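Listed below, chain by chain, are the residues.
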Amino acid sequence: MLYLVRVFGVLFLGCSSVFAEMASIDDAALSEVTGQSGVYLTGEISINEEGGPLNDDYFGSCIDVTKVCGARIALQTQQDGGWFVLDNIQGSIAFEGLTFQLRAINSGFGGDGLLFNRDVIEIGLPETLKFDEFQYTVATSNSERPAGAASTFKQVDFMTVEIGGEVTLEGNLLVFPTP
Amino acid sequence: MFKYVSLMALSLSIFLPLSSVTAEMKSMSDQALSEVDGAGIGLVMDDFVFSHGHDTANDKTFRISGLTDQSGAPVTLNVEQLYIARAGSNYGSVLDPVNLGRLNNPFEIDLLNGDSVGLAGKAVLQLAAPTKVDVADGYDCLDAAAVLGSGTCSSRPSEAGWENGERADLGLELQVNVGVETPRHLNFHAESAVFDGSYVRLWGDDAAGKMAAEFRVNFYTPELEISTCTKLNEACGSAVKMKGFAFELALGNSFQPLYVGADAITGGLTLQLAQLTHEYMANLVPATGLSDGSAEGDAAYAFFNDYYSNADYRSNVAMTEMEIGGVSLGSAKVEGLLIQHLDVKFRDLEP
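Chains as they are written, first to last, in the working numbering: chain Y, 14 to 192; chain S, 30 to 380.
I should point out that these hints are in silico values taken from the structure, not numbers from a laboratory.
Please read all numbers here as calculations on a predicted model, not as lab measurements.
Here are the in silico distance ranges between beta carbons for each label pair:
1. Y:Arg-116 - S:Ile-138: 14 to 22 Å
2. Y:Tyr-71 - S:Leu-366: 51 to 59 Å
3. Y:Ile-60 - S:Asp-98: 29 to 37 Å
4. S:Ala-236 - Y:Ile-86: 24 to 32 Å
Short, incomplete list of chain S residues facing chain Y, as computed with Cβ under 8 Å:
5. Ile-70
6. Met-74
7. Phe-91
8. Asn-133
9. Gly-297
Where is the CB? At the ideal position from N, CA and C, for every residue including glycine.
Hey, can you work out the whole structure from these sequences and the hints?
As structure tokens, this is what we get:
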């Protein structure tokens, strides 16, 4: 057993020496790093679409009202208060051509570009977003999640928003530090 | 036993490096955080267009449900079109790109030092639209053809040399379905709209144990149209047109913040503006409203004098002309509205 322990000891020493290779890089050194032409992202985000991977009459059944379907985000703004809730978040969002890159701006923008003359991070929005049975419910609730007795859990649903099909979303979001 | 101890020593040596890393983390007090005066993050939308609508023939859905009418019948709102595009969109039929925010005056997310906004020792999160500017550098907020030096809005209208402009057409067309009734329509269209000078400030109120907020919502448009026609268009006869529409809402401030929350029992939304008070209020002479001569009285007088006279705390709604079904009703104004106390609680009507 002691032998085994020693082996472990050596193993972990090796690991720590790898961490020691990490060195911080200062602003001057970092400014020498030039980026490539950015990142192009294509993807699909799916949240509990059709009840998840297994949608039979028991698991992931969104028709059964006694079960919970979809994600829930709860936010509390007061100590011992109620909760703001985004409930039943489900469906999928697919996009093609979301881009990230650095862009030097020194012209355009109705004359603002020349005065600005700086680099910005440009997030290029995809031309279209494809939603598939995406929905969420805006609500307020007295509990972060429907736990405990059903009689004590209260939630006031304001509205449910359902989105499907191709949504036009064009343009570039420019992000930069302000003084 | 020896083996056991060795193992313990080993596990200690594994956790030691970890614990030394954790020890570097320190919590920051509000006071310390308020000293942080970091650069904010500027956001500008360049060549932006957003549009979506409910159109089952083309496999598009955009629906708001979960609402009920007075008798409990479900109400479904089909969003026939929601658009943000360049001014001159002709009710959303021409979707050209627009810019939102200027490079030298963008939308901004910032952490403010509370000392500079009347919240001593607090860190304040601010989300802000482009700020208002001096008249010499600004454009008339209500004129879709404004030129430099005509007003206080920083965002520029679309013009030949800068087609995008920073003022967008905003529109929302709703089809209202109540039970089996014939669908009705409700449409909103704002031309060349700007939000300059709007901001939301959020901070933690230790004494109340609540998130406190200050809202300033400014909305200016040369024409806001609300109609009930099948589609938004210029020929719609049943339209209310509000020309030269200016809406300036002031809700909450540093000494009387707005608390937005949810009720811990009913789960309903709550909006509160606490009753205004001052620690030296007793030092004011009731008959005259003036200070009793003490330093405390002077402080109380200065505070209330500012509260009642400062235009920054007041809300305004104004339009230069209101037109209903083609008939002009002239101008309308509600000015200097001071919200002194607010306690709104929402609750579900269903048992």
